[in-house]
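Engineer: What follows is each chain in one-letter form.
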Amino acid sequence: MKKTLLGTVMALAMGTTAVPASAATEIQWWHAFTGRLGDLLAEQIETFNASQDDFVVVGTHKGNYSEALNAGIAAFRAGEQPHILMVFEVGTATMMSAPGAIKPVYEVMKESGADFNADAYLAPVKGYYTTPEGEMLSLPYNSSTPVLYVNRDALTAAGLDPDMDLSTWEQVDAAMDKVKEAGSDCPLTTAWQSWVHLENLSAYHDAPFATKENGFTGLDTELAFNGPLQVAHIQAMGEWAKDGKFMYAGRRNEGGANFRAGECAFFTESSAGYAGVKAEAEFEFEIRPLPYWSTVEAAPQNTIIGGSSLWVLNGHEDEEYKGVAQFLNFLSSSDVQAKWHQDTGYLPITTAAYEQTKAEGFYEKNPGTDIAILQMTSKPTTGNSKGLRLGSFDQIRGIIDEELEAVWTGDKDAQTALDSAVSRGNQLLRRFEQANK
Amino acid sequence: MTFKGWRLPVLLILPQALITAVFFFWPAGQAIYQSAFIPDPFGLKSQFVGFGNFEYLFSDPYYLASFKTTAVFSILVTVVSMSIALWLALMADRIIKGSGTYRTFLIWPYAVAPAVAGVLWLFMFNPNVGIASWYMDQMGYDWNHKLNSGQAMWLVVLASSWGRISYNFLFFLAGLQAVPRSVIEAAAIDGAHFWRRFWTIVFPLLSPTTFFLLVVNIVYAFFETFGVIHTITSGGPQQATTILVYKVFSDGFVGQDLGSSAAQSVVLLFVVGLLTVVQFKFIERRVHY
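Keeping their order, the protein sequence lines are chains A and B.
Under this note's numbering, the first residue of the first sequence is numbered 1, with each subsequent residue one higher.
Under this note's numbering, the first residue of the second sequence is numbered 1, with each subsequent residue one higher.
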């Protein structure tokens, strides 16, 4: 028994080393997608692998966004990093501050001689991942922006015209009153509260979320989301929560279950939630632009993105980077992007993919799917609406979540909660600044 | 017995000493060393800050609150899991028919990994779709552990205690079976009823088991409940369930702040050391072996 066990172990150990070295170079890609998105991602890899013989891309699921980032960082410390790492937008500053760990995408492209034109990418999408000098550091992969989902049946049931104007929060508020009167427990719910109701709220009304152009121009940035605009908005939401007009379901996209089940009239969620709503909703729904406050003159500015980008990590062979460049180019091609955009509701990353989707008549067949793009590209971006580049932002979002929850329960008023979130978050920013001096 | 010379005793101690050195002293030393630095996440550069990490920690009101949370959580988990286990063991000890089946069922939950237990409880108490929260809603009780910190604490306590009850049950049952029947029978003949026999005879004789479980359960609540908290509340709402060890994780592996995380590990090291000394010094005195 002992002998056979030993034999098996030996065979297994030899087996892993004795695999015939294939001619193709392997490219490791660590990502955070499961389910339908994971399937679509795997399909992209298969298409790429089938299209040429020099490289084989191997996709590995490493848990959720935070876990994938941690796995990448831990692997880098151990010298076993993948070639490509999927990092959510929140981790952008962490990656940018580690020049020794990353290989900027523009550099990968230049060195491998791949055909690469940074201007082909949609400005508000690539802006998030580009240096002030316009050099693209990571390749946007899945990007979305928050929009308003409307349950048209719920509006009709409340005696409202489902085609009514819902551009401003004032109008939405009035509609929520009617929906509430008609007996609904959930006139409004939201996903990703910090992203929608603070980060995007600020950009959309051209108010700073943090100083130094939201961190784009310096590590010595300080949070600024306790200004009058944000306080007024959070205060209003706190009152809606108290009046039973806003139902809080959780920090991530838990509220989606309630909306898809038809319980809620309005739902603020990522444009990428479209596929899920379309698949499950047994009522008439519609996508509208994110509402703004009519009292703010600068609104509506543009909203900002969420999602992830692909970072190329340092420490591999030149030959392998050629494969990386080829794969990233493949991902940016119009066909791949247009398909990805239409299948998922994520934004296309290139102008060409947007034009192709339009030419195919997709937006006419699926009304509302272009709202996210229009909302992002309607105006040139300002210092407040390019995006966010803040260190330790995953944890800062956690702090914001905590403080917002205190407002929803009525424990704190909006000003106190946001002041507290700002001062706690600033401590983390100073820690981050110190670590990356 | 006494040994001649020093070679054999050293040789006999060596395996244990090596294990302690590799798995305890080396990592603990690393934690102490790293607590004096603020490194960047990728380990490319690092800055010496002396006691800066500790100053930062102890000026953070949420860190100080985490001590209280840990104390409340550990005491609740220990009391809940031990008292229910003792009660079940007492009942199981009295059964004659089918006792094996009962015991097996009671021991079963111990085989469930903490993170899995967390997910099970999370499903039942999910405010949107959970069956338990649905029943509570029917009875007019509004359950939302995502916003209500008291409910969140109870939920993680219950989920952490659940699997632990089996473990404690096993030890209590073994302890109960070691209590001499003759003593109990003598008391019964003297007219002492069940609870009286329990408090005056059985419970004191069980004290070595109880003490052992007390130490083990507190250590469990301090360190091993991590999976449950991570899956159910992630330390929320408003850090109401962020116990010390969870904060080490979230600052180190979510926030990538390894300096602060190392400093917290050092603090935790002292807290647990202190706790163990206190337990052995003061509580063990009252144990009858």
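Calculated from the structure, these hints are not laboratory results.
Any given hint could turn out to be false.
To be verified - Footprint (simulated), chain B over chain A, 3 or more residues, beta carbon under 8 Å:
#1 127-137
#2 170-176
#3 228-242
#4 371-385
As the list claims (entries may be wrong) - Not close to chain B: a few residues of chain A, all C-beta gaps over 10 Å, as computed:
#5 Val-277
#6 Tyr-292
#7 Phe-330
#8 Ala-406
#9 Trp-408
Computed from a predicted structure; not experimentally measured.
Ideal Cβ placement from N, Cα and C applies to all residues, glycine included.
Engineer: Tell me the hint numbers this structure goes against, listed in increasing order.
Structural biologist: 1, 2, 3, 4, 8 and 9
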